[in-house]
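Asker: Going by my numbering, the first residue of the sequence shown is number 1, and it counts up by one from there.
No lab work stands behind these hints, which were simulated from the structure alone. Please read these numbers as outputs of a predicted model, since none were measured by experiment. Some hints here could point you the wrong way.
[Unchecked claim] In silico DMTMM-like cross-links for lysine to aspartate or glutamate, where the CA-CA straight-line distance does not exceed 25 Å:
hint, residue 1, residue 2
1, K28, E39
2, K28, E10
3, K125, D149
4, K125, D112
5, K9, D32
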Amino acid sequence: GGLKRVVKKEHADGSVTQSQFDAVGRLKAQTDAAGRTTEYSPDVVTGLITRITTPDGRASAFYYNHHSQLTSATGTDGLEIRREYDESGRLIQETAPDGDITRYRYDNPHSDLPCATEDATGSRKTMTWSRYGQLLTVTDCSGYVTRYDHDRFGQ
């Protein structure tokens, strides 16, 4: 059952890539111009990608909570990142493969955008956001401010 699609994309240089989709339109595989295929394994219920297998057979795995938020990912190198969320679904902690932890802080209980991060060394960065959710400034632990400008189209 169901309609399964193969989409062929021809590039300006004449090379062709193919994408294969399952019966409900989820990406299952992509084959590059050299014939190397990367396979994608989506969860049958959520459609979220749970595994990506590279042409050489190495795999990355992805795990999610019941809110479809990424809780851990293991790369083809076997290294893992882990994420934790608060009861509002906001990212509060990320653990890097080397064990370093970054914590995320929020100044507004209704905001999904962090106002600060703190890394394993205690270094803190603060962020400000526009009312449209665009990053405006990042201030690092030394007080250096990086500003971001956006045009009227939000870019």
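Asker: All the hints need checking, so say for each whether the structure fits it.
Answerer: To see whether the hints hold, each was checked on the structure:
1. K28 / E39: holds, 6 Å
2. K28 / E10: holds, 19 Å
3. K125 / D149: Between K125 and D149 the Cα gap is close to 19 Å, so the pair holds against 25 Å.
4. K125 / D112: holds, 17 Å
5. K9 / D32: With Cα atoms ~10 Å apart, K9 and D32 stay inside 25 Å; holds.
In terms of the numbered hints stated before, the structure departs from none.
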